[in-house]
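Enquirer: Below, each chain spelled out in residue letters.
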Amino acid sequence: AQKITQTQPGMFVQEKEAVTLDCTYDTSDPSYGLFWYKQPSSGEMIFLIYQGSYDQQNATEGRYSLNFQKARKSANLVISASQLGDSAMYFCAMRGYSGGSNYKLTFGKGTLLTVNP
Amino acid sequence: GAVVSQHPSRVICKSGTSVKIECRSLDFQATTMFWYRQFPKKSLMLMATSNEGSKATYEQGVEKDKFLINHASLTLSTLTVTSAHPEDSSFYICSAHRTGGPGELFFGEGSRLTVL
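Here the protein sequences line up with chains A and B, keeping their order.
Quick note: to get this note's numbering, add 1173 to the position in the first sequence (first position is 1).
Quick note: to get this note's numbering, add 286 to the position in the second sequence (first position is 1).
Quick caveat, the hints were computed from the structure, so don't treat them as lab data.
Some hints could be false.
[Said to hold, decoys possible] Only part of the chain A face toward chain B is listed, based on derived beta-carbon distances under 10 Å: (1) 1184; (2) 1185; (3) 1212; (4) 1242; (5) 1246; (6) 1264; (7) 1282; (8) 1283; (9) 1288.
[To be verified] Okay, derived cross-link-like pairs now, EDC-like style, lysine to aspartate or glutamate, Cα gap no bigger than 20 Å in a straight line: (10) B/328 / A/1228; (11) A/1189 / A/1228; (12) B/327 / A/1195.
We treat Cβ as the ideally placed atom computed from N, Cα and C, and that holds for glycine.
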């Protein structure tokens, strides 16, 4: 079984500052993938960044970076230079690659990020 | 980028009627699509995995006869909420896996169902 834990129900950050959203996971799969999605108030799920369990380097996508610490089973999302448009719900998700996982994702409960001007 | 379109975005229906929600992958083929349900300010709950050309796989606790899923082509999956009741009111989101990608799912815009 897979489990994703996001311990921060809500976070506040000042515009232009960096913020870290926490995510820890638990899985018995030797190979897995970790994802972050953004969900604005409109409801759509926007893919942000992906980290494979065997990737040697931390993933980066523009202002998003994933602080992957495999031994600690954590995959925190770092957003640099926050913008007002970053205010949204953020979900951490995991996909196992063992037989039967069939690409389905397990989601954390989410963190509501508010960027203050 | 990969685009998934979901229709309708909002639907209001009377109790006892059935509602169909469509999920289309516009620029890629998706042999596997997923249907999620999301309550306000809650996480996404996987309802079922939709496989093209075969029966859907439902998660534990999800009523198969209540939520009918049909994946008739490589670009279309439909979710039909049968005999809808007010407790079925929710936000339903579909997603599709793009073959060859690292496994990220691309999501539709979601459909907000309100049953009166």
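Enquirer: Compare the structure with each hint and give your call.
Expert: Status of each hint after checking the structure:
1. The restraint placing residue 1184 of chain A at the interface with chain B is violated, with a minimum CB-CB distance near 15 Å, outside the 10 Å limit.
2. The beta carbon of residue 1185 of chain A comes no nearer than 17 Å to any beta carbon in chain B, farther than 10 Å, and the hint placing it at the interface is violated.
3. With a least beta-carbon distance of about 9 Å to chain B, the hint placing residue 1212 of chain A at the interface is held under the 10 Å criterion.
4. This hint is violated: residue 1242 of chain A has a C-beta 20 Å from the nearest C-beta of chain B, more than the 10 Å allowed.
5. Below 10 Å, beta-carbon pairs count as interface contacts, and residue 1246 of chain A has none with chain B, the closest being about 19 Å; its hint is therefore violated.
6. Restraint check, residue 1264 of chain A versus chain B: the minimum CB separation of about 7 Å is within 10 Å; hint holds.
7. A least Cβ separation of about 5 Å between residue 1282 of chain A and chain B falls short of the 10 Å threshold, and the interface hint therefore holds.
8. For the restraint placing residue 1283 of chain A at the interface with chain B, the shortest Cβ-Cβ distance is roughly 6 Å, inside the 10 Å limit, so the hint holds.
9. Given the 10 Å rule on beta carbons, the hint for residue 1288 of chain A is violated: about 18 Å separates it from the nearest Cβ of chain B.
10. Taking the CA atoms of residue 328 of chain B and residue 1228 of chain A, the gap is near 30 Å; set against the 20 Å cutoff, the hint is violated.
11. At most 20 Å may separate the alpha-carbon atoms for a hinted pair to count; residue 1189 of chain A and residue 1228 of chain A exceed this at roughly 29 Å.
12. Proposed proximity of residue 327 of chain B and residue 1195 of chain A is supported: the alpha carbons are some 18 Å apart, at most 20 Å.
Of the numbered hints given earlier, the model fails hints 1, 2, 4, 5, 9, 10, 11; all others are met.
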